[in-house]
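If you want the building blocks of each chain, they are given just below.
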Amino acid sequence: MTAYLESLAVLCAIAAILASSLDLVLGFAGIFSVAHAVFFGIGAYAASLVALHLTASLAFALAVAMAAGAGAGLLLAVPALRVREEYFVVASLGFQVVATTVFEQWQAVTGGIGGLTGIPPPTVAGLKVESYAGMAALSVLLAGAVLAGLRALVRSRLGRALQALNQDEVAAQAAGHNPVTLRTLAVVVSCSLASVGGVIYAFFSSFVNPESFTLDESVRVMVMVIMGGAGTTAGPLLGALFVTLFPALLSFLTIPDQFLGPIQRLAYGLIVVVLMVYEPDGMVGLARRLRRLRALAPAGKPGESTA
Amino acid sequence: MKAQLEISSLSKAFGGNAVLDRVDLEVAACAVSAVIGPNGAGKTTLFNAISGFVPPDRGQITLEGVELVGMPPHRIAELGVGRTFQNLRLFPRLTVLENVLVALDRTERRQSRRRRQVQARALLERAGVSASPDTFASDLSFAEQKFVSLARALACGHRILLLDEPGSGLDPPSLERMYALVRSLAAEGRTILLIEHNLDVVRELAERVVFLDRGRALARGTPAQVFASPEAANSYFGGEPEP
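Chains R and V supply the protein sequences, listed in that same order. Using my numbering, the first residue of the first sequence is number 1, and each one after it goes up by one. Using my numbering, the first residue of the second sequence is number 1, and each one after it goes up by one.
It should be emphasised that the hints constitute simulated quantities derived from the structure, not laboratory data. Treat the hints with care, since some could be wrong.
As the list claims (entries may be wrong) - Sample of chain V residues facing chain R (criterion: CB under 8 Å; computed from the structure):
1. PHE53
2. ASP57
3. ALA77
4. GLU78
5. ARG89
6. LEU101
7. VAL102
8. THR107
9. ARG114
10. CYS156
Glycine included, C-beta positions come from ideal geometry on N, C-alpha and C.
Okay, chain V solo, but in the shape it has when bound:
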């Protein structure tokens, strides 16, 4: 399988504390991959490095052969890297429609205003947002906000989508909606990388999994292989508590 995103020996330390330690990762095109690991494993730092918010100390990140390290976040977004955030980061005083338009204004800037509006509505529909597009984002329930943030990420993530804990805070029906959305996106050829605490979500969605602990990629393979690995088992299923 072709790798869309390649990360090689990526390292980052904060104040002498290694958060990412020579991480290698190949994200297959047109598939769902997942990074799992306990709190502080470096999952979010990995996402922040890919999307340009945290400059790594060493290592490469290439998207279809293009080096991303050193590029500012907006350039990386323009290359087609869309991401969501664990705490959503919607624009609270913009409407639902405007939240998506903010991204389309850049990625589809050559399109007419009217065309972008149509696209934004289509993306919201695609993400299953039922709230009126004219509602302020802050007036929505958490689950609805989450789907708006997915629609916004879709607006720029035509090469790869980075989903930060897509399952957190969702009730079972909303989780099912999210699964269906992610699966359909992968089916139509989107590359998706997600980080998750919830192993059920990973089991449902991911084809490839990397287990990250204290900045190091300790196991990789299919979900079943990784869950069965001693490293992950130790961390997730009742190993010794961490000091």
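Bound conformation, chain R alone:
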């Protein structure tokens, strides 16, 4: 049971990294990308290759993966951000399809459909992290660092410029901001951070294959952001926790296995549609609404004492 909870903690940490990094582009910069799983995958493959052929050092794997993620992000952003914004979604979709094919077919590097196996546990400062508990602690720490970094970034002048650009591009340009540079930077940072999730995933599962980095996964991450509340810091974290833990909760109910998948997908779809229509700010928006209601409640019921 403990191992189960520890592995859930790792999965939550990965989901939090993916959702929060996607929110930098989706929520703050207003760029819709459906290729986030690609950068998750690039991080995972980079870390696996480093660990299998060079060193199991976590720091080294992180450096290589983040550089690879940033490079791939640049590859997507530079051509795609020069066309009109709406086309970025299409470009990212194309990028996702191409990347999935590369993951599946580039046998020599990715191991093809079979993937890469036997990835050794990571070492941190020379110490091997083998236990589930160690991995869970490491993942949560890394997720904390990524989230703290993103929070600082959003509050910096880069974050402010991205929000300005998203709210009024013309006014942002008139204030001296170059939209192409800003958006490219946001995509590159976001992709680089997403690859951190891939590093954790590779070391945790000691096995990677293309199945984990498909369009389905990209959509799942997008659902986390929208469900939690795009353009907020708490939202993607809440969404990530919900989407990761919801299947675990379902498994406690006595639902036959073959219905679990469809039920999950139906529930996500339904929740996203309902939120999009009634609460575009997601769970964070709902929480704000509840807080406001609670603040109003004593005044609203004159008969009741608040003491």
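Please arrange chain V on chain R, whose structure you already have, making use of the hints.
Coordinates of chain V only, in the frame set by chain R:
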């Protein structure tokens, strides 16, 4: 008087429809100049051409000798061209302070964060914004938003300020505030070019006026001279209605 901004034979057509037709304009340094004209005269297109949002088909725009045509809007802003918009275009989900900081983040990027904050507050005070700097821009009244947008334009317009209908939507007390602000800016050496429908505003503020109609500069001079010119009189004071 030295010209800060020189525009020569600027032309722009949208779909065969000439919006600016060989417009010449010299904007004097350290003074308030105005472009007037009826709807569709090309006033806003002129502003959009100066600030880089609309590439002209022909002609030059030089700021202190530097050619602006072909430069992207953010580069022109960096050169010290600040502008406001008729529909304000504030960042609604940023605070009042952040709206000004967005511009200072570029123009004063070598300054410390703390220094930029101080400058932003000073600009808001200068523009007479009384609302708390931490209020969201969208929560302010129209007049207050207008003064925030002026503060934001001030943050990048150290060479020239382009004010798009600074008087529209303001009640008489706010108009007086705006006059005082623009006058004090000109007095301290800012170059200001404004476009306006409201001739009272032009009379109050401008030293030089150009009358633009259907893309052509038809009259120029002091406000009194231009208002008395047959072209402007015809358009503004009861000429034949346009077909």
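Consistency of the hints with the structure:
1. Evaluation of the V:PHE53 hint against chain R yields a held restraint, the C-beta minimum of about 7 Å falling below 8 Å.
2. About 21 Å separates the beta-carbon of V:ASP57 from the nearest beta-carbon of chain R, more than 8 Å, and the hint is not met.
3. For the restraint placing V:ALA77 at the interface with chain R, the shortest Cβ-Cβ distance is roughly 4 Å, inside the 8 Å limit, so the hint holds.
4. Given the 8 Å rule on beta carbons, the hint for V:GLU78 holds: about 5 Å separates it from the nearest Cβ of chain R.
5. Interface hint status for V:ARG89: upheld, as the beta-carbon distance to the closest one in chain R is roughly 4 Å, under 8 Å.
6. Satisfaction of the interface hint for V:LEU101 is found here, the shortest Cβ-Cβ separation to chain R being roughly 6 Å, below the 8 Å cut-off.
7. Given the 8 Å rule on beta carbons, the hint for V:VAL102 holds: about 4 Å separates it from the nearest Cβ of chain R.
8. Taking 8 Å as the C-beta cut-off, the interface hint given for V:THR107 holds, the closest approach to chain R being about 6 Å.
9. Taking 8 Å as the C-beta contact cut-off toward chain R, the hint placing V:ARG114 at the interface is violated, the least distance being around 13 Å.
10. The interface hint given for V:CYS156 is met, as the beta carbon of that residue sits about 6 Å from the closest beta carbon of chain R, less than 8 Å.
When each numbered hint is compared with the structure, violations occur for hints 2 and 9.
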